[in-house]
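Trainee: Sequence:
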Amino acid sequence: MAQERYRSLLREASPRLRVLEPAELDELDWLYFRVFLAEVVAPKTDLIPWEAAGDVSHGALYFAARDHLVRLPQDLPRLLRVPGREGAYVRLGALMRARSDLFLPEGGPLYEFRALRLLESERHRADWDELAQALEARQEGLPTLLVAEAGFPEAWLSRLREGLGLLPEEVLPLAPPLDLGFLEALAAGGPAEWRFPPLRPERPRAFLKHPLKRLLERDLLLHHPFEAYAAVERFALAALEPEVEEVWATLYRIGEENPLAETLIQAARMGKRVHVLLEGRARFDELLNLRWYLRLLRAGVAVLPLSERKVHAKALLLLTREGGYAHLGTGNYNPQNGLLYADFSLFTAREGLVRELAAFFRALEAGRSPSLSLLKTGEAIQRFLVEATLAEAHPKGRVILKCNHLTDPALLEALVQAAEKGAWVDLLVRSTLSLLHPAFRAQSLVGRFLEHARVAAFRRGGAWEVYLTSADLMPRNFQNRFELLFPVLDREARRKVLKALKRQLKDDRNRFLLTPQGEKWLWEGKRDAHRP
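Note that the numbering used here gives residue 151 to position 151 of the sequence shown, counting from 1, and the numbers run on in steps of one.
Quick caveat, the hints were computed from the structure, so don't treat them as lab data.
Keep in mind that the hints are not guaranteed to be accurate.
Said to hold, decoys possible - Label pairs and their in silico Cβ distance ranges:
#, residue 1, residue 2, range
1, 102, 475, 44 to 52 Å
2, 517, 8, 51 to 59 Å
3, 200, 175, 54 to 62 Å
4, 12, 151, 20 to 28 Å
To be verified - Here are the simulated lysine-lysine pairs, DSS-like style, with alpha carbons at most 27 Å apart:
#, residue 1, residue 2
5, 421, 520
6, 502, 520
7, 272, 209
8, 499, 526
9, 506, 496
10, 213, 272
11, 502, 526
12, 499, 520
13, 209, 496
14, 506, 520
15, 421, 526
16, 213, 496
17, 421, 506
18, 502, 396
19, 526, 396
20, 272, 396
21, 526, 496
22, 396, 421
23, 396, 506
24, 526, 506
Heads up, the beta-carbon is just placed ideally off N, CA and C, and yes, glycines get one too.
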């Protein structure tokens, strides 16, 4: 389907934008590209013997030739402008195929392929002083899929597949190009109608002015990015106010620059007690988080030891002599994610939630499992969701689950039971769903923003109960991570979450319907849940 959309995009773009084939380049074009390939590309290109086929890197783009494999340089753009031709581009890979003599001793045809690996994502406990050594020793995981261009010579394909240890059914033939990452550059050079209009998020003015004072009145729920993520950073800044004595935070994927983390450093330097659960094993972000660990530690922040379980909960707690204030979210404390990910934030000064969140943090500090009631963590999240789903197993029952991944067998079985007994069950699952059943409605929303919020809603006796969570609904997340599931107790906040869910269930611009018979996508309508 991606290839069909690519070809459709090229047809729509013509004649304003064109991706040329090498045969369409004239002598002047080649005057430039010959030098570019020889002087810029060739020195950065890896030539690999066939004997090393089993060691190719996850996701990288390669060419296969008769006697060698060629890895395309990672730091060069896949799409190149043709000098002097308005709106004309050419793919780097296509140029390399046309001039293979610059990259191979023997020249000859080149065929594209990529290998995907199951990357190691969960590690045994490695505390901060062991993390650097653990990262050095990490190896890429086992190959799981070989994507090769249609027309790949059968003998070469067999040799490549055997080198990777894959079965014939683990080979996916596709028409080139196999790497469509260059489409972002193509869209950037295209007409304005190809790009989304700028989003101007709503700003909760009273909260931004006096966040703690505002929370004494009632809870606040925000839906990012439609409502400004800046509110999260403003709440963190309240840690610097005189009445705040102690701060607790979980940090997972926070990026290179992070105002919230800088605020925690500033609070520690002011003499406040600041405790941080920084997850060093956040996949792909380990090195960044190791750098943040050193910065936080040197500023006087108490960075807690890494626990046996990954800490994936998203929580920030400000404690005062009289009580406290909490932020609980479904998304990362990352300003870039706050612009691109669709997530919910709950801000509260409710005594029960603040007390339990403090108990959660102190239990992790002591190295024991938290004992909670209003909040749920670990396997208690799974038990709660299963029980709540089974309680809806009747003709008037109603269940809405929204997540990235839903693979937990016990929860799926409960959903089937509820649906078969007449409950109306809606699933919004962006990525992995391991069971389809005709009795419930499964769908996926893939649009302008990355749907990242995890929500569970149940209509208990006619009154909706709504819960938000940091957890995707997978056994490993319940068993191997500290997540948090929390109730939305404020009536207006519940209404806002339900309104967002219902908009998404009616979306006909970004939604896929998932049925046992296959996918059906709804892309041509006017109801767009990503347009505020």
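Trainee: Now, for every hint given, state plainly whether the structure supports it.
Mentor: Status of the hints after comparison with the structure:
no. : hint                    : in the structure
1   : 102 <-> 475: 44 to 52 Å : holds (50 Å)
2   : 517 <-> 8: 51 to 59 Å   : violated (24 Å)
3   : 200 <-> 175: 54 to 62 Å : violated (40 Å)
4   : 12 <-> 151: 20 to 28 Å  : holds (26 Å)
5   : 421 <-> 520             : holds (26 Å)
6   : 502 <-> 520             : holds (19 Å)
7   : 272 <-> 209             : holds (22 Å)
8   : 499 <-> 526             : holds (17 Å)
9   : 506 <-> 496             : holds (16 Å)
10  : 213 <-> 272             : holds (20 Å)
11  : 502 <-> 526             : holds (15 Å)
12  : 499 <-> 520             : holds (24 Å)
13  : 209 <-> 496             : holds (22 Å)
14  : 506 <-> 520             : holds (14 Å)
15  : 421 <-> 526             : violated (34 Å)
16  : 213 <-> 496             : holds (22 Å)
17  : 421 <-> 506             : holds (24 Å)
18  : 502 <-> 396             : holds (18 Å)
19  : 526 <-> 396             : violated (30 Å)
20  : 272 <-> 396             : violated (52 Å)
21  : 526 <-> 496             : holds (21 Å)
22  : 396 <-> 421             : holds (10 Å)
23  : 396 <-> 506             : holds (21 Å)
24  : 526 <-> 506             : holds (10 Å)
When each numbered hint is compared with the structure, violations occur for hints 2, 3, 15, 19 and 20.
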